[in-house]
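S.K.: One letter stands for each residue in the lines below.
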Amino acid sequence: MAANISKIAREKVDQIHFDESWRRSKIDNFDYILQAEETQLAAKLYERESHLYFNFENLDALEASFLTRTRNIASRLDNLVNPAFEMLNASLEEETKSVDVICDKPSSCWINLVCSGTVNLLINIKVSANIFLKLRSTCLAGSRANLLLLLNQEAGAVRFNLESLMAEKNSEISVTFLAVASDNSFFDLCNRQQHIVGQTKSDVLLKLILKQAAHGVFWGLINVEEGAQQSDAYQLARAMLLSPESRADLIPNLNIGANNVRCTHGASYSTLNPSELFYLQSRGIEKNLAKRILTQGFLFDAGDRVLPEFFPAMEEFIIKSV
Amino acid sequence: MLIIRDLEASINEKDILHKISLQLPKGQITALMGPNGSGKSTLARIIMGDPEVQVTGGQLLFNGTNLLDLEADDRARLGIFMAFQYPQEVAGVQLFQFLKVAYEARFGCQINLIDFKKIVSQALKTLNLEENFVKRPLNVGFSGGEKKKCEIFQLLVLKPELAILDETDSGLDIDSLRIVAEGIRQAKETNPEMSILVITHYERILNYLKPDRIIIMHNGRILKEGSDLLLSEILEYGYANIINAGN
Ligand SMILES: Nc1ncnc2c1ncn2[C@@H]1O[C@H](COP(=O)(O)OP(=O)(O)OP(=O)(O)O)[C@@H](O)[C@H]1O
Ligand SMILES: [Mg+2]
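In order, the protein sequences belong to chains A and B. For the record, in the first sequence the residue sitting at position 301 is 379 according to the working numbering, with numbers rising by one throughout. For the record, in the second sequence the residue sitting at position 178 is 877 according to the working numbering, with numbers rising by one throughout.
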């Protein structure tokens, strides 16, 4: 059954997404086609069930570039490791909730998520090569999606296109993106919250830590289409710079085509706060440990957005990467 | 215990303290009073080791150790504790976990969760605080009074040798003040050698703590030292008399 769906889906997806426009867009153009039909087509494929599929493409070499493990559905995902354009369908049953992606060769990966009903998903990404990642969440009527993205980048350039497509009424998505970039790496997140219809709610938070000479970019757009009344959109990017060589450019944008909406966006840059550091030190905590606790706290602060079942994974990520 | 000699200090190139000399002996409670802006908090921050304040002259000795060479964390491990006038909010850092790390640093040993929970519960009970108080992020969203209580809660857990209480009484309601003062007294009872410096504007906390002496600061200088009588004079006439007499 799964294989069958996979085959159909692959044909459709090839047809829809892997056309020239997408190929071009993945280089540097964020304006890819966002059409309601496309979404509905994808939804139809799965008879309106929530699903997740991956497309992998290795730009430089055909050999394994991704190691993907989904807790609980490891066997199915292991098949993925091979050729380009390989794909997975994972229906989002209750146990299918978290995916680890390890990117250590130059490649690109498209992750497509269709949300119907409740979708809770954790994607844990470890990057050490140039990669292009794209995650599109298409939110159907009545859906409630809560996504936690964890990304640890030690080298290379990452371009991440994060797209929340509010395709049908009464849908909600909350995305919490925690990223840590170090050394000379370059992290570039393009966030797009596209409210095609109204009575929809999207909420995206990026918390980015930049160590050493890492450079982070956030470009975000809340786009409320004409007539999408009662859209509720929130976008916030916060960067913490841990060294004088690190750098961040945060650019949130709004484009609103309806008059009865609530849209908020913001960006902030910070470094370690000397008063907080003194407070911790005044209790006996050694300076370097105090700095580490504060840096971890910057990420832990997003904890109340995170589902309790993902908390241990988040904690492990924070402790390992900070 | 603590010897301050001819201490001079500035913040952002502005001179704040002038030739401060003061001793805080073992087991004594010293009250430090004085008008707003006279430099009380600055003195407290210097003793704790706040890098924002530059010491430009003088000496600071704690049981013979030169504190001026040490960072705040070294001083805390020697047993110096300051209850902040404005406790810092620290987002994303849970009070319980923070305090466990601090405890282990202070006493140079690992402590298992169960034992530490006992210590914490005891301190919470003393201050009439709920168990889940410690699950909250450090001072974030605490009311003014809760912040002050939290400082004394930390004091009870970290058991200092020298405790500086910078306006811990401000912002506490009548019942909370009694509870907090009781907590401080209890800490003193367990460790009679503890020296306490109480910075305050009000007599109420002093009625509870019964200081051995009272010191008045003004314009970055120590103006006068005295006993309870000095306190009644201040309460009756304000600082003007003392300041005029001093000049
Ligand atoms: N960061 C700073 N920059 C400039 N001046 C400062 C700074 N911090 C303190 N001061 C100044 O130092 C002086 C002493 O301040 P301090 O906080 O020590 O007073 P205080 O006696 O504790 O007052 P209060 O009773 O109001 O708490 C004040 O004039 C204050 O304005
Ligand atoms: Mg003060």
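FYI, nobody ran anything at the bench for these hints, they're computed from the structure. Glycine included, C-beta positions come from ideal geometry on N, C-alpha and C. Don't take every hint at face value.
Selected chain B positions facing chain A (in silico; Cβ < 7 Å) [claimed, not checked]:
| no. | residue |
| --- | --- |
| 1 | Asn711 |
| 2 | Asp714 |
| 3 | Met747 |
| 4 | Leu769 |
| 5 | Ala775 |
| 6 | Arg776 |
| 7 | Gly778 |
| 8 | Val789 |
| 9 | Ala801 |
| 10 | Ala804 |
| 11 | Arg805 |
| 12 | Glu845 |
Okay, derived cross-link-like pairs now, SDA-like style, lysine to any residue, Cα gap no bigger than 20 Å in a straight line [as the list claims (entries may be wrong)]:
| no. | chain 1 | residue 1 | chain 2 | residue 2 |
| --- | --- | --- | --- | --- |
| 13 | A | Lys369 | B | Lys799 |
| 14 | A | Lys369 | B | Glu770 |
| 15 | B | Lys713 | B | Glu881 |
| 16 | B | Lys799 | A | Leu367 |
| 17 | B | Lys834 | A | Glu354 |
| 18 | B | Lys834 | A | Lys365 |
| 19 | B | Lys834 | A | Arg237 |
| 20 | A | Lys365 | B | Asp773 |
| 21 | A | Lys369 | B | Lys713 |
| 22 | A | Lys365 | B | Glu770 |
| 23 | A | Lys365 | B | Glu788 |
| 24 | A | Lys365 | B | Ile942 |
| 25 | A | Lys285 | A | Arg237 |
| 26 | A | Lys285 | A | Lys365 |
| 27 | A | Lys369 | B | Leu769 |
| 28 | B | Lys834 | A | Ala380 |
| 29 | A | Lys365 | B | Ser720 |
S.K.: A separate judgement is required for each hint: does it hold in the structure or not?
M.R.: Results of checking the hints against the structure:
no. : hint                : result
1   : Asn711              : 13 Å, violated
2   : Asp714              : 21 Å, violated
3   : Met747              : 5 Å, holds
4   : Leu769              : 11 Å, violated
5   : Ala775              : 4 Å, holds
6   : Arg776              : 5 Å, holds
7   : Gly778              : 9 Å, violated
8   : Val789              : 5 Å, holds
9   : Ala801              : 4 Å, holds
10  : Ala804              : 4 Å, holds
11  : Arg805              : 4 Å, holds
12  : Glu845              : 16 Å, violated
13  : A:Lys369 / B:Lys799 : 16 Å, holds
14  : A:Lys369 / B:Glu770 : 14 Å, holds
15  : B:Lys713 / B:Glu881 : 39 Å, violated
16  : B:Lys799 / A:Leu367 : 13 Å, holds
17  : B:Lys834 / A:Glu354 : 19 Å, holds
18  : B:Lys834 / A:Lys365 : 24 Å, violated
19  : B:Lys834 / A:Arg237 : 37 Å, violated
20  : A:Lys365 / B:Asp773 : 10 Å, holds
21  : A:Lys369 / B:Lys713 : 28 Å, violated
22  : A:Lys365 / B:Glu770 : 9 Å, holds
23  : A:Lys365 / B:Glu788 : 18 Å, holds
24  : A:Lys365 / B:Ile942 : 41 Å, violated
25  : A:Lys285 / A:Arg237 : 16 Å, holds
26  : A:Lys285 / A:Lys365 : 23 Å, violated
27  : A:Lys369 / B:Leu769 : 18 Å, holds
28  : B:Lys834 / A:Ala380 : 15 Å, holds
29  : A:Lys365 / B:Ser720 : 29 Å, violated
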